[in-house]
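Here the protein sequences line up with chains A and B, keeping their order.
So for the first sequence, my numbering puts the first residue at 1; every next one is plus one.
So for the second sequence, my numbering puts the first residue at 1; every next one is plus one.
Think of the hints as simulated: they come from the structure by calculation, not from any bench.
Hints may be right or wrong, so weigh each one.
Computed, partial: chain A to chain B, Cβ under 7 Å [to be verified]:
1. T5
2. Q46
3. Q49
4. L55
5. A56
6. A60
7. R62
8. W63
Some residues of chain B that are not near chain A, with every Cβ distance over 12 Å (derived) [unchecked claim]:
9. W8
10. R9
11. G41
12. G49
13. A63
14. P81
15. G82
16. P92
17. R108
18. A113
19. G117
Which bits of chain B does chain A cover? Going by a derived footprint, with three or more residues having C-beta under 8 Å, they are [said to hold, decoys possible]:
20. 26-39
21. 54-61
22. 122-133
We put the CB at the ideal spot given by N, CA and C, even for glycine.
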Amino acid sequence: MEPNTPRKVALVANCLLNQNAKVCEGARYRGLVSPVVEALRSRGYQLLQLPCPELAFAGARRWWAVYEQYDTPAYRAHCRRLAQAIAPLIERHLRDGDEVILIGLDGSPSTGVRFTSSKPDWGGRPNRPQDDWEIVPRRGVWIEELEAELARRGLPPVPATGWALDMGRFDEAGSRRDLEEFLDSREAAAGSRSEDSAAP
Amino acid sequence: MNGDLRGWRIALVPEKLVNPQPRAGAAMLDVLGVLEASGYGVLQLPPLGEHRLLLAVIADQVAEYAHHGYAVVAIGMRGEPGDGLHWRRLAPLLRHRGVALPPRHIIRPDVDAALEGQRLTKLLASYDLPVAEQQRWRL
Numbered sequence: 001m002e003p004n005t006p007r008k009v010a011l012v013a014n015c016l017l018n019q020n021a022k023v024c025e026g027a028r029y030r031g032l033v034s035p036v037v038e039a040l041r042s043r044g045y046q047l048l049q050l051p052c053p054e055l056a057f058a059g060a061r062r063w064w065a066v067y068e069q070y071d072t073p074a075y076r077a078h079c080r081r082l083a084q085a086i087a088p089l090i091e092r093h094l095r096d097g098d099e100v101i102l103i104g105l106d107g108s109p110s111t112g113v114r115f116t117s118s119k120p121d122w123g124g125r126p127n128r129p130q131d132d133w134e135i136v137p138r139r140g141v142w143i144e145e146l147e148a149e150l151a152r153r154g155l156p157p158v159p160a161t162g163w164a165l166d167m168g169r170f171d172e173a174g175s176r177r178d179l180e181e182f183l184d185s186r187e188a189a190a191g192s193r194s195e196d197s198a199a200p
Numbered sequence: 001m002n003g004d005l006r007g008w009r010i011a012l013v014p015e016k017l018v019n020p021q022p023r024a025g026a027a028m029l030d031v032l033g034v035l036e037a038s039g040y041g042v043l044q045l046p047p048l049g050e051h052r053l054l055l056a057v058i059a060d061q062v063a064e065y066a067h068h069g070y071a072v073v074a075i076g077m078r079g080e081p082g083d084g085l086h087w088r089r090l091a092p093l094l095r096h097r098g099v100a101l102p103p104r105h106i107i108r109p110d111v112d113a114a115l116e117g118q119r120l121t122k123l124l125a126s127y128d129l130p131v132a133e134q135q136r137w138r139l
């Protein structure tokens, strides 16, 4: 690839490359989430792994939680620190004109993109599988703070979707379909942009 | 852990090995493919540059893993400054957090990719924490 050729870059949730970051009982793969990696690499995307906010804040042996439990000033400050750590790399790609997308983790209280988990009155002793929570259409706390940091830098919103790992019952085939549709839509958008720029 | 499939092993990997660039006349080892087949997760290191805060964030994560039963290895790339591992900055950050430095395995881009793949696979298969440590954490 020529040095000045725009690249395709996928920001990926930490646990999509490392399932060891998942909450206890939440890992569905040994290490990499191979369907995501294969889908992105086969379409020419470079990978840029985001930090895992929950691991460094609540630890490797943390319980599962919902959005409201992480919606605290201290956790948001922690997420802002992580966002400030990774934002310079994202900013460089965007300023260089690279195509940047974000693949989060739908259903996650932190990394959800289309959906997060919600239960305002949750607390106390976890009790799986009796515990119930709702899936609501909203960003997770980490994605909210990351997008806010990019906006503070005057950067445009990054097209985003989520791999639906934390939606209750995990449906790999459905998740793969969703991701492919999203990537198809990005290719269609890129195609129409290049046609516009080629028009007289 | 009930139904949990995590592999308990993680590799620190330079950006250039996560996103290998095609080289004229030479196949490049697919490190992510080898790691996936070996059941390892990846912590991606940034490209060349300062990245002080990001390296501190990564060191925090490595410390959390190292203190709770996870095996961490570093995979470098020969020909890159510091093998692409930011070791001069990362090593003191890890020591400061009470982490024994992970073993380093260096990929040689000028060597046949298949042979390098076999060498990496062998290292990954043999590397883990002592059994007593595994039993302590991996319930």
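Going down the list of hints, with the structure as the test:
Annotation: A/T5 was flagged as interfacial toward chain B, and the flag is violated, the nearest CB pair being 12 Å apart, outside 7 Å. Satisfaction of the interface hint for A/Q46 is found here, the shortest Cβ-Cβ separation to chain B being roughly 4 Å, below the 7 Å cut-off. This hint holds: A/Q49 has a C-beta 4 Å from the nearest C-beta of chain B, less than the 7 Å allowed. The interface hint given for A/L55 holds, since its Cβ lies 6 Å from the closest Cβ of chain B, which is under the 7 Å cut-off.
Taking 7 Å as the C-beta cut-off, the interface hint given for A/A56 holds, the closest approach to chain B being about 5 Å. Residue-level restraint check for A/A60 holds (minimum Cβ-Cβ distance to chain B is 4 Å; threshold 7 Å). Taken as an interface hint, A/R62 does not check out: its beta carbon lies about 10 Å from the nearest beta carbon of chain B, beyond 7 Å. Of the supplied interface hints, the one on A/W63 is violated, with its beta-carbon coming no nearer than about 12 Å to a beta-carbon of chain B, more than 7 Å.
A cut-off of 12 Å between C-beta atoms contradicts the statement that B/W8 is not in contact with chain A; the least separation is 7 Å. Once the 12 Å rule is applied to beta carbons, B/R9 is inconsistent with being away from chain A; the minimum gap is 7 Å. Not every C-beta of chain A lies more than 12 Å from that of B/G41, the closest at about 3 Å, which undercuts listing it as non-interface. Annotated as non-interface, B/G49 brings its C-beta within 12 Å of a C-beta of chain A; the closest such distance is 9 Å.
Its beta-carbon lying about 9 Å from the closest one in chain A, B/A63 breaks the requirement of being farther than 12 Å from that chain. Every CB of chain A is more than 12 Å from the CB of B/P81 (nearest about 18 Å), matching its label as outside the interface. Even its closest Cβ contact with chain A, about 18 Å, leaves B/G82 beyond 12 Å, as expected for a residue assigned away from the interface. Annotated as non-interface, B/P92 keeps its C-beta farther than 12 Å from every C-beta of chain A; the closest such distance is 18 Å.
Once the 12 Å rule is applied to beta carbons, B/R108 is consistent with being away from chain A; the minimum gap is 23 Å. Listed as a non-interface residue, B/A113 keeps its Cβ farther than 12 Å from every Cβ of chain A; the least gap is roughly 16 Å. Distance check for B/G117 against chain A: the nearest CB is about 16 Å away, which clears 12 Å, and the non-interface claim stands. Here the stretch 26-39 of chain B counts 5 residues with a CB under 8 Å from a CB of chain A, which clears the bar of 3, and the coverage holds.
Residues of the stretch 54-61 of chain B lying with their CB closer than 8 Å to a CB of chain A number 6, which satisfies the three-residue condition for coverage. Counting residues of the stretch 122-133 of chain B whose beta-carbon sits less than 8 Å from any beta-carbon of chain A gives 0, not enough to reach three: the coverage restraint is violated.
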